[in-house]
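Let chain A serve as the given structure and place chains B, C and D on it in line with the hints.
There are 4 protein chains.
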Amino acid sequence: MAVVFLTITPIGTATPSVSRYVAGVQRILQRSGLVHQLTAMGTIIEGDLDAILGVVREMHEAPFHEGAVRVSTLLKIDDRRDKEHSIARKMRSVEEKLGGPG
Amino acid sequence: MAVVFLTITPIGTATPSVSRYVAGVQRILQRSGLVHQLTAMGTIIEGDLDAILGVVREMHEAPFHEGAVRVSTLLKIDDRRDKEHSIARKMRSVEEKLGGPG
Amino acid sequence: MAVVFLTITPIGTATPSVSRYVAGVQRILQRSGLVHQLTAMGTIIEGDLDAILGVVREMHEAPFHEGAVRVSTLLKIDDRRDKEHSIARKMRSVEEKLGGPG
Amino acid sequence: MAVVFLTITPIGTATPSVSRYVAGVQRILQRSGLVHQLTAMGTIIEGDLDAILGVVREMHEAPFHEGAVRVSTLLKIDDRRDKEHSIARKMRSVEEKLGGPG
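If you read the protein sequences in the order shown, they are chains A, B, C and D. Numbered by the working numbering, the letters in the first sequence go through residues 1 to 102 in order. Numbered by the working numbering, the letters in the second sequence go through residues 1 to 102 in order. Numbered by the working numbering, the letters in the third sequence go through residues 1 to 102 in order. Numbered by the working numbering, the letters in the fourth sequence go through residues 1 to 102 in order.
In case anyone wonders, no lab produced these hints; they're calculated from the structure. Worth double-checking, as some hints may not be accurate.
Below, simulated EDC-like cross-link-like pairs (lysine to aspartate or glutamate); rule was C-alpha separation at most 20 Å, straight line [claimed, not checked]:
(1) D:K83 / B:E61
(2) C:K97 / D:D82
(3) A:K97 / B:E66
(4) B:K97 / A:E61
(5) C:K83 / A:D50
(6) B:K83 / D:D50
(7) C:K83 / C:E66
(8) D:K97 / C:E66
(9) A:K83 / C:E66
(10) B:K83 / B:E95
(11) D:K97 / C:E96
One chain only, chain A, in its complex shape:
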């Protein structure tokens, strides 16, 4: 199980508002069935790394279908194999430490 952070940004779109493209990209992710979370700076996805990479490849393609000619994609993979690894577990782990004696 991997957890990834993903941003997909069209470059040279004439307007600085790119949320139209973000929405197109998100629909592909929703259809994938992968557990994910939309944030203000990118999307977090958890699951089998190959499954994630397959969907990321499709998502990266989406802005081109809507007219973009250049796309900048940033992908950060956190892949951990010594214990269960998920969005929920990562959040819990930090929150437990934050609740501690400082």
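Just chains B, C and D, lined up with the frame of chain A:
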């Protein structure tokens, strides 16, 4: 107003569990008073860019105080000046598009 | 043609020196035949995006084979389809502008 | 001493060619006197972290002066304090491993 995404990772920590360091870093952010959101893959912060960079500089230093000798920090800045820019607004903008006719 | 920037970092390695892992990862890239350039902060690769992603997937796996239990991989894709796109062309483009009247 | 990787990208520029902006940003870096290396995917800078962050802050501002209204900046900091740390040393370290017995 800028919105940033930040990860701070100690390298060479003997154990792959780095949430202890993440918690130390987060406490500095909490004391700063800046609006922020903790996610499973990093922290999102909004505010004046110079204020953010000042706090990021302190946060980056924290793992060294706890024994780390190498720290890898990733910072992604989204700085937009043609309209109000915040975590809440960015989320709303994408959600509106997602609710649209597809 | 895409150009990507890639870093692959094992987390929790006992020692902050991770160049042993970097070397293992680089050998996979060398065998791939893809045009690439090693820099002090990561590797730049050019080529067909699917070919690149296939090799990146293999490279990400390499540190696990050498004992790492957690790997953090950062991939930045610059994919441009309106004109020829390569490491050499991108460098030339900026250098031409730098040589200009400032 | 830190080594950083930096990309500064204007969003919504009408044209997908952003090398004009890259050149403006580079000139600020050249005037700073910091050791740096331009690559096809971003700029690598070495030096005192506070000195670097001061120049990065100026560089991030440059595209706004040339008309951009939104700028996306990515900064990756590699800060190591147990030994000498520089662009040259990092390159040598990997190259030595690559030359080894595989």
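Quick rundown of the hints versus the structure:
1. D:K83 / B:E61: Distance of about 17 Å is within 20 Å: holds.
2. C:K97 / D:D82: Violated, at roughly 39 Å.
3. A:K97 / B:E66: 14 Å, holds
4. B:K97 / A:E61: Holds. B:K97 to A:E61 sits at ~18 Å (cutoff 20 Å).
5. C:K83 / A:D50: Not OK: C:K83 and A:D50 at ~30 Å, beyond 20 Å, violated.
6. B:K83 / D:D50: With a Cα-Cα distance of about 30 Å, the restraint between B:K83 and D:D50 is violated, given a limit of 20 Å.
7. C:K83 / C:E66: This hinted pair is violated, its Cα atoms lying about 40 Å apart.
8. D:K97 / C:E66: 14 Å, holds
9. A:K83 / C:E66: 18 Å, holds
10. B:K83 / B:E95: Between B:K83 and B:E95 the Cα gap is close to 18 Å, so the pair holds against 20 Å.
11. D:K97 / C:E96: Status violated; Cα separation ~35 Å.
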